[in-house]
Amino acid sequence: MADSGYLVGEYFINGDVACAEAAISAGCRFFAGYPITPATEVAERMSRRLPQVDGVYIQMEDEIASMCAILGASWAGVKAMTSTSGPGFSLMMENIGLGVMLETPCVVANIQRAGPSTGLPTLIGQQDIMQARWGSHGSYEIIALSPDSPQQMFDLTVQAFNLSEKYRVPVLIMSDEVVGHMSEKVIIPELRESDLVFRKQPKGAKESYRPYKTDNGPVPPMAIAGQGYHFHVTGLTHDERGYPVMTAKAQDNLVTRLVDKIRFNADDIVMYNEHLTEDADIVVCAYGITARIARFAVDRARQEGIKAGFIQLVTLWPFAEKRIRELALKTKTFIVPEINRGQIVYEVERCAGGVRTLLIPHSGGDVHKPEAILEAIRKCHE
Amino acid sequence: MNNHVENDHASIAKYLRQDRLPHIWCAGCGIGPALNCFLRAIDKSGLDPDKISVVSGIGCSGRVAGYVKLDSFHTTHGRAIPFATGLRLANPDLKAVVFSGDGDLAAIGGNHLIHAARRNIDMTVICVNNFNYGMTGGQVGPTAPYDVRTSTTPYGNFEPAFNLPMLLYGSGASYIARWTVIHLHQLESTIMEALLKPGFSFVEVISPCPPVYGRMNKEPDGLNSLKNYVKRSVIKNGADPGETEITQDGPIVVGKFVDVVRPTLQESMARMAAKAKKPAAK
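Residue numbers (the numbering used here), protein chains in the order written: chain A, 1 to 382; chain B, 1 to 282.
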């Protein structure tokens with residue numbers, strides 16, 4: 001362990017632990033959570049590690065309180081996160097919306113299990129993808145990332161903090177039970193200060209500070225409580241002073257900016273990995289653990305002489321719209337395996353411009369068999 | 001008492017966002033006097049205003065955060081306390097004050113209220129109790145006495161009420177007091193004491209709500225309510241919280257009921273964190 005209190009080197013750890021360690025490496029010093037399978041290991045790790053690095057771990061009375069507490073901590077100037085799974089994610093929705101409205105950097109890890117309702121607490125699902133996008137009421141944009149391994153869980157958790165600080169928006173890590181619970185080698189790099197982002201802070205006279213006045217670009221500098229700015233922020237529709245304004249015009253100004261600050265920066269936010277898509281007639285599009293299975297199936301198809309390719313959606317939201325549209329110009333079929341009965345497939349279809357788009361659904365509790373994806377590729381090839 | 005209240009606008013004007021006045025509260029509402037006492041208490045407490053964060057939930061009392069010229073957060077319904085919990089834990093220099101209403105704190109936010117008291121986190125909660133949801137037009141609240149009429153209990157309230165001091169006592173709050181808005185002097189000194197008290201302090205402020213609750217319960221203007229408070233209030237410092245229940249027509253027991261010393265959450269956290277640092281992490 002480095003003197004600074006974070007791990008550096010090679011470790012054999014599960015995805016949940018990698019998430020916690022990445023948060024600490026990224027400078028997270030506040031965690032509020034509530035026990036829930038299969039995300040509990042994130043909280044347990046944080047409860048042990050945060051006090052070692054002068055951070056605060058608190059177990060709240062429920063997930064609603066956990067979400068609120070990380071927003072409060074963020075306004076106190078501390079990078080903050082929580083972790084949960086389906087039922088807790090549902091409870092967090094209202095205050096994820098508050099985070100969006102107050103423009104509060106924070107990170108929420110959802111280690112997805114299968115639902116609806118209590119569903120399969122210990123078994124995998126990828127069923128909260130549309131909830132991540134639309135779960136809180138109102139019109140907004142959000143950032144969601146999806147790792148396929150403990151290593152990527154580490155890397156994306158660091159990214160999640162950076163993106164949330166840069167764009168002042170809650171960033172969701174939409175992982176799943178298998179990635180959360182699988183143990184693999186994780187290389188933890190020594191992160192330099194230049195690898196980490198901290199929100200832009202206001203300059204100039206404190207009296208004239210306006211919480212939502214933008215300077216360069218759509219993301220306003222963020223003051224911290226306790227420094228004499230005497231700012232006000234509210235979940236009501238507000239102007240650049242942070243004061244409530246109940247008009248359609250104020251609503252349009254605010255909501256347009258909240259949406260555009262993500263939408264217009266999609267090129268900066270969207271990440272994906274591709275494999276053999278150059279000449280592919282069939283592109284398999286997947287995310288999370290399913291991406292690894294899909295890639296395996298694509299390699300098998302290539303051995304059989306089928307021109308198959310693969311794209312992993314690392315960023316789920318904003319959707320990799322531009323790239324899917326580009327691929328749609330040269331491929332003949334998209335195949336989308338996901339552990340739900342159809343969510344991301346509709347986004348792919350929307351961007352496919354009429355190119356055939358097939359879902360390989362899975363109700364959860366298990367992952368796709370590579371043969372199921374391979375079989376679908378073969379059928380499309382016929 | 002009158003001189004004290006009337007002649008000192010300067011002491012509180014600096015804590016108000018003048019550019020947001022006039023406020024939204026109705027004539028005869030008790031939130032104004034409660035806010036007035038809160039700001040006077042801040043002024044006299046010697047606390048650095050830069051370090052005070054005011055957090056409110058939703059409702060008429062929830063609008064307080066929007067009028068104070070301090071770092072102030074208008075959050076979601078019922079969630080001011082957990083938001084303030086994050087603020088306070090992340091920066092131990094901050095004084096976290098939650099100013100909200102009975103519906104926000106004791107109904108939708110009831111779980112957070114009791115857990116914050118149990119933890120004994122350094123936080124002051126000022127609860128304006130007007131027995132109903134004023135902003136939405138006077139629906140029954142969790143503290144509404146049995147049999148009172150509201151817009152959703154047209155035949156009389158069929159539920160028993162929360163007695164907030166009793167609830168908070170059972171949850172472990174370090175400091176519990178209640179006054180009505182006629183007890184301005186006591187309310188001001190109580191809030192100041194609460195602000196300076198380590199651990200979780202809770203101040204209940206019994207308040208008129210003339211246009212809705214009052215209108216349906218024979219107190220159609222603020223003055224009716226104030227006269228009623230004069231008649232019904234019984235000052236009983238140190239009263240057993242179990243004997244402070246408010247009924248439709250019975251006495252309103254007011255005073256400082258609880259003032260005890262318990263380890264605060266921050267003290268306990270620091271004690272445990274010291275153990276975390278001894279052995280190197282594996």
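One thing to keep in mind: the hints can contain errors.
What the hints assert, rightly or not - Here are the simulated lysine-lysine pairs, DSBU-like style, with alpha carbons at most 30 Å apart: (1) A:200 to A:249; (2) B:51 to A:206; (3) A:249 to B:69; (4) B:277 to A:185; (5) A:200 to B:51; (6) B:218 to B:197; (7) B:275 to B:44; (8) A:369 to A:330; (9) A:203 to B:277; (10) A:206 to B:277; (11) B:14 to A:203; (12) A:185 to A:369; (13) B:51 to A:213; (14) A:203 to B:218; (15) A:206 to B:44; (16) A:206 to B:218; (17) B:231 to A:200; (18) A:261 to B:69; (19) A:322 to A:261; (20) B:14 to A:213; (21) B:69 to A:213; (22) B:236 to B:277; (23) B:197 to B:236; (24) B:218 to B:44; (25) B:236 to A:200; (26) A:249 to A:206.
Keep in mind that the hints were calculated from the coordinates and are not lab data.
Quick rundown of the hints versus the structure:
The hinted pair formed by residue 200 of chain A and residue 249 of chain A meets the criterion: a straight-line CA distance of about 27 Å does not exceed 30 Å. For the given pair, residue 51 of chain B sits about 14 Å from residue 206 of chain A by alpha-carbon distance, which is consistent with the 30 Å threshold. Proximity of residue 249 of chain A to residue 69 of chain B is assessed by CA-CA distance (about 26 Å); at most 30 Å being required, the pair is judged to hold. Distance check on the hinted pair: residue 277 of chain B and residue 185 of chain A sit about 27 Å apart at the alpha-carbon level, within 30 Å; holds.
For the hint linking residue 200 of chain A to residue 51 of chain B, the alpha-carbon distance of about 21 Å falls within 30 Å, and the restraint holds. This hinted pair does not check out: residue 218 of chain B and residue 197 of chain B have alpha carbons roughly 38 Å apart, beyond 30 Å. Distance check on the hinted pair: residue 275 of chain B and residue 44 of chain B sit about 39 Å apart at the alpha-carbon level, beyond 30 Å; violated. For the proposed pair residue 369 of chain A and residue 330 of chain A, the alpha carbon gap of about 27 Å is at most 30 Å, so the pair holds.
Under the criterion of a C-alpha separation no larger than 30 Å, the hint pairing residue 203 of chain A with residue 277 of chain B is inconsistent with the structure, at around 36 Å. Proximity of residue 206 of chain A to residue 277 of chain B is assessed by CA-CA distance (about 38 Å); at most 30 Å being required, the pair is judged violated. Of the supplied pair hints, the one linking residue 14 of chain B and residue 203 of chain A holds, its CA atoms being roughly 23 Å apart against a limit of 30 Å. Between residue 185 of chain A and residue 369 of chain A the alpha-carbon distance is near 24 Å, which keeps this suggested pair within the 30 Å criterion.
For the proposed pair residue 51 of chain B and residue 213 of chain A, the alpha carbon gap of about 23 Å is at most 30 Å, so the pair holds. Taken as a hint, the residue 203 of chain A and residue 218 of chain B pair is broken in the structure, with Cα atoms around 54 Å apart against an allowance of 30 Å. Proximity of residue 206 of chain A to residue 44 of chain B is assessed by CA-CA distance (about 24 Å); at most 30 Å being required, the pair is judged to hold. For the hint pairing residue 206 of chain A with residue 218 of chain B, the CA-to-CA distance comes to about 48 Å; that exceeds 30 Å, so the pair is violated.
Restraint check: the Cα-Cα separation between residue 231 of chain B and residue 200 of chain A comes to about 56 Å, which exceeds 30 Å; the hinted pair is violated. For the hint pairing residue 261 of chain A with residue 69 of chain B, the CA-to-CA distance comes to about 29 Å; that is within 30 Å, so the pair holds. Taking the CA atoms of residue 322 of chain A and residue 261 of chain A, the gap is about 17 Å. The hint holds against a cut of 30 Å. Distance check on the hinted pair: residue 14 of chain B and residue 213 of chain A sit about 24 Å apart at the alpha-carbon level, within 30 Å; holds.
Simply put, residue 69 of chain B and residue 213 of chain A have alpha-carbon atoms about 18 Å apart, close enough for the 30 Å limit, and the pair holds. Pair hint residue 236 of chain B plus residue 277 of chain B does not hold up; C-alpha atoms about 47 Å apart against a cutoff of 30 Å. Of the pairs offered as hints, the one joining residue 197 of chain B and residue 236 of chain B holds, with about 20 Å between alpha carbons and a cut-off of 30 Å not exceeded. Proposed proximity of residue 218 of chain B and residue 44 of chain B is contradicted: the alpha carbons are some 37 Å apart, above 30 Å.
With a C-alpha separation of about 52 Å, the suggested pair residue 236 of chain B and residue 200 of chain A falls outside the 30 Å cut-off, and the hint is violated. A distance of roughly 27 Å separates the Cα atoms of residue 249 of chain A and residue 206 of chain A; the hinted pair therefore holds under the 30 Å criterion.
The structure shown violates the earlier hints numbered 6, 7, 9, 10, 14, 16, 17, 22, 24 and 25.
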